[in-house]
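**Student:** Here is what each chain is made of, one letter per residue.
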Amino acid sequence: MTEKPISDPKADTKDSVSKTEQQKASGKGKLLKFHNITGKARFYYGTFIYILVINISIVLSTVVLHEAGHAIAGNYLGCSNIKIVIYDTLAASTFTQMSCQSDVPVESLALSGILLIIPYALFFVTLPRIPERYMSIVIIGFNFMLTVSDAMVLTNSPLLPTILVILGSVSVIVGEALFIDKALISYRKA
Amino acid sequence: MIFTQPFSVMDSVILIILISSFVFVARSVVSTRSFFEQIYRIPSIVITGTNKIHSKALMRYLSSDIANHLYGMYLGYVDEGKKVQIVSAPEIIFGKRSNGIINELKKMNCKGIVYIFDGAIPLGKQLNAYEAAQNIFDAEFIPVINASNRSKKNMQLSGIMLEHGMKPIHRISMEQKEGLDQIRDIITGS
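Residue numbers (this note's numbering), protein chains in the order written: chain H, 1 to 190; chain P, 191 to 380.
Looking at chain H on its own, in the form it has when it is part of the complex (with noise of 0.2 Å):
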């Protein structure tokens, strides 16, 4: 391996201009510079990826959670015959059905979808200082909406369920600015 003169200054300019002259003409030079300048916006598509994962997995376990308790509470009333239809192309929506008793308190089975998502989210609040634990204000607010058609069973105003679709609608989109604004901060310093 031969060392260039120290007293011939330009030679490695001169070396690196044509390195890089070649580099253009067989595309690699570009290829690296593309791979540079991505850099940033790679993590921004990273990020953005990583927060739908995480919201689209954090509104199915809500569901799933959400009738699950529905279905507990069911079972501890001493419904029969319960299950929990997720996904029906016959019916346009998610449900959990049931045989009761007609002694049975439909109250406490409408509100019972809480049950679950209480201690899920209380999870979350307790992470240690990450992004994530804002998804807590995600899961309770996606509740509230959830809950819309329940509030409908204890109540024919149309006030409780408003209340609910507001409320919950504002829950999600605070929750989620909290959690993107930590994600994009925390990430991008890690």
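Some hints could be false.
Claimed, not checked - Just so you have them, the derived chain H footprint on chain P, three or more residues with Cβ under 8 Å:
id: 1; region: 208-219
id: 2; region: 223-230
Unchecked claim - Quick partial rundown of chain P residues pointing at chain H, CB under 7 Å, derived from the structure:
id: 3; residue: Ser202
id: 4; residue: Ile204
id: 5; residue: Ile243
By construction, these hints were calculated from the structure, which means they are not laboratory data. Don't be surprised by glycine CBs; every beta carbon is placed ideally from N, CA and C.
Let chain H serve as the given structure and place chain P on it in line with the hints.
**Tutor:** Same frame as chain H, now just chain P:
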């Protein structure tokens, strides 16, 4: 008895994707605007160089609190009165693909550029980046050679820099507290 949800699983997933995407885009736009508004407000000193580790480390040393950051650029204050701010910008920002960012940087009230050279990096590449930075900023350039590594290339580098009319050249060890203090003195003019 059936407890139905107001929307299907697919609707829930689509809803959460829409909300999180909206929040993500809104947050990115707001943070970009706030960063550039902040760097236009008061005079700035830019710290840059081909080795982004040095400019970032120097930034962290000079400013105890990082006020804002975007696209790998960090913003902090060298004085408690916050009359002069320091912006560490990776050399890659000056690339041709970052025209949008370059146009924004041109609007800065830039007082000086501390440009850190490193003998361990190909010299031609560093000089090209230096010239690109000179085309962007109409300010005084302060060339600094990182003297941490006692490479023969450092001698070669200072020879080339003198040929390009760069002076005075500061030889500073970026890995020692004294070296970093020296740069602080250059920036604050003390």
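**Student:** Each hint should be assessed against the structure and marked as holding or not.
**Tutor:** Verification of the supplied hints:
Beta-carbon proximity to chain H at under 8 Å applies to 7 residues in the region 208-219 of chain P; the threshold of 3 is reached and the given coverage holds. Coverage of the region 223-230 of chain P by chain H is violated. Counting CB-CB distances below 8 Å, 0 residues qualify, and the rule asks for three or more. For the restraint placing P/Ser202 at the interface with chain H, the shortest Cβ-Cβ distance is roughly 5 Å, inside the 7 Å limit, so the hint holds. Of the supplied interface hints, the one on P/Ile204 is violated, with its beta-carbon coming no nearer than about 10 Å to a beta-carbon of chain H, more than 7 Å.
With a least beta-carbon distance of about 14 Å to chain H, the hint placing P/Ile243 at the interface is violated under the 7 Å criterion.
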